[in-house]
Amino acid sequence: MEPILLRARGTPNSRSIVTYHEAGGYESLRKVLGLQAETVIEEVKKSGLRGRGGAGFPTGVKWGFVPRDLPKPKYLICNADESEPGTFKDREIIRVDPHMLLEGIIISSYAIGAHVAYIYIRGEFYSEAVILETAIAEAREHGYLDPNVLNSGFAMDIHIHRGAGAYICGEETALIESIEGKRGQPRLKPPFPAVVGVFGCPTVVNNVETLASVPHIIERGGEWYASIGTERSTGPKLFSVSGHVKKPGVYEVPLGTTFREIIYEICGGIRGDKQLKAFIPGGSSCPILPADKVDIGSDFESVAEAGSMLGSGGLIVMDETVDMVWALENLLAFYAHESCGQCTPCREGADWALDVVRRIRRGYGRPEDVDTLLRIARFASQGMTICPLGDAFCEPIRSFLAQFRHEFEAAIESARPLPPKKQPVLPVRPGHGDFGL
Amino acid sequence: MGQQLTAPITVTPPEQLREVRFDDVMETSINEILVRYPTAQAALLPLLWLCQEKWGWISPGVTAAVAERLGLSPAFVEGVTSFYTMFLRRPPGRYVLQVCTTLSCQLCGAGGLVDHLKAKLGIEFGETSADGRFTLIDVQCLGACGEAPILQINNDYYTDLDVERLDELLDGLK
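Protein chains in written order, with our numbering: chain V, 15 to 451; chain Z, 283 to 456.
Don't read these hints as lab results, they were simulated from the structure. One or more hints might be untrue.
[To be verified] Keeping only pairs whose Cα atoms sit at most 30 Å apart, straight-line, the calculated DSBU-like set for lysine-lysine is:
| no. | chain 1 | residue 1 | chain 2 | residue 2 |
| --- | --- | --- | --- | --- |
| 1 | Z | LYS456 | V | LYS260 |
| 2 | Z | LYS336 | V | LYS196 |
| 3 | V | LYS307 | V | LYS291 |
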């Protein structure tokens with residue numbers, strides 16, 4: 015497939031507006047400014063574009079939820095929080111082609127009637143925030159961000175809002191709270207952000223990759239976009255491949271490309287020519303799949319049918335040497351640390367699950383531990399918490415136990431009796447001390 | 283990789299941060315931030331970043347000044363500051379080393395880097411070396427897993443690290 019989102023990768027000075035102009039940049043914006051907003055939304059609906067941040071919700075439909083006649087300002091937020099472990103595609107877009115993102119944001123704002131957009135970028139991405147600041151300054155100079163964009167009468171501006179180290183702020187309502195200057199604790203839905211979002215106004219939150227796709231859809235048409243990929247999962251998709259592959263990195267493929275092709279052909283196979291043991295297809299909160307599922311397609315439907323989720327396309331590959339008890343402990347440590355603390359099942363459940371898995375890994379597992387884990391996974395997921403972080407740590411528990419239960423049981427069977435000194439009941443969190451949480 | 287070496291943080295000692303005033307330069311920046319949002323409260327995170335860039339960390343005195351400037355209570359500002367792990371509420375070393383310990387980095391050998399860092403610097407996670415040079419923090423996924431393992435030093439990412447490159451890197455940071 016010809017590169018679309020990554021077409022500028024490898025071009026010298028790909029970040030500058032001059033290079034972007036040479037590639038036909040900002041032509042889609044010119045085209046859109048003469049159209050009705052509804053026409054733009056229709057074109058995006060026709061493309062079948064689905065949100066690239068993890069949920070896979072149709073973008074055009076999401077835009078359609080914004081009440082156009084409400085006499086309140088509307089806001090567009092670009093979610094560049096990119097914090098799902100194993101995902102690093104948005105960083106690539108920003109580093110390679112920031113103007114493509116800005117053009118997507120301006121067009122999308124025009125479509126929903128927003129005049130201000132915020133890019134919420136995770137605090138760690140400092141140099142990426144600087145890249146965006148530079149690009150925004152260039153776009154202002156050229157009149158793309160202006161009280162009167164290219165003399166069309168449309169007013170538009172974009173501001174960068176830096177996060178400060180909180181995974182949960184990738185969840186759209188937590189992100190909104192964070193922009194408002196609060197702790198990043200998710201809100202109950204409904205009301206949905208499309209009606210009551212940031213500052214109490216209608217708000218659309220879209221992922222970087224989603225917005226970066228928009229100029230291409232406008233340029234070449236929704237039908238062209240829909241011709242790539244599968245029938246229900248259209249378009250190209252960026253996969254962030256990490257772990258035990260020879261050539262990790264960000265790759266663009268049509269949705270539906272098999273994981274075998276991504277892992278063995280595009281990424282050169284498993285490091286050290288070892289055997290593949292398992293892979294997580296869409297970022298760490300998606301259920302893990304065993305090696306024999308490697309022939310499934312990478313579209314939303316095929317991955318769901320295989321029992322996992324496409325998520326954000328953060329493909330984590332593990333070879334035969336990986337101890338699954340250790341891997342689950344690592345993931346649970348992440349979620350225990352990143353739970354915002356608002357809902358008891360998630361705050362307590364993630365810590366307790368981590369405690370149980372850690373004791374299994376250290377050789378002090380108890381016969382009832384597998385059942386305990388499954389019970390925690392039941393009571394902290396599927397609607398028991400305000401946001402999906404509960405599911406995000408319960409799905410790994412369930413899937414690791416479904417696929418690799420024998421490893422957990424073997425570790426428990428060979429467990430030593432508890433040492434005379436009592437083990438701490440709650441896990442001791444290493445790390446931040448007084449520096450943070 | 284030809285990356286420029288990270289500049290040290292200027293860390294203001296606690297006794298100079300008991301009471302804080304914003305000078306004219308900062309006031310200009312604060313006003314530039316405020317016009318981006320319809321509410322003053324929304325300027326809280328950007329203002330905290332501004333303060334941390336200037337003084338190196340967020341002392342109780344800084345918290346109080348920020349609260350007063352935005353019309354919020356110090357307790358509220360403290361609540362927000364403590365929620366976000368990147369706001370430092372104790373004076374750090376000149377170089378804050380944040381090593382990623384999440385799955386993809388661990389699969390690529392982050393564990394070895396952690397052991398090496400702890401042994402070399404003689405500190406645990408959350409501690410600062412006696413000479414005030416380094417603070418070591420373990421972080422969750424830094425979002426650059428394709429170049430694992432990763433160490434963030436102040437604002438910069440250092441990727442594809444091994445023990446030799448790490449040693450070379452740290453020796454260059456004074």
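Evaluation of the provided hints:
no.	hint	result
1	Z:LYS456 with V:LYS260	35 Å, violated
2	Z:LYS336 with V:LYS196	22 Å, holds
3	V:LYS307 with V:LYS291	10 Å, holds
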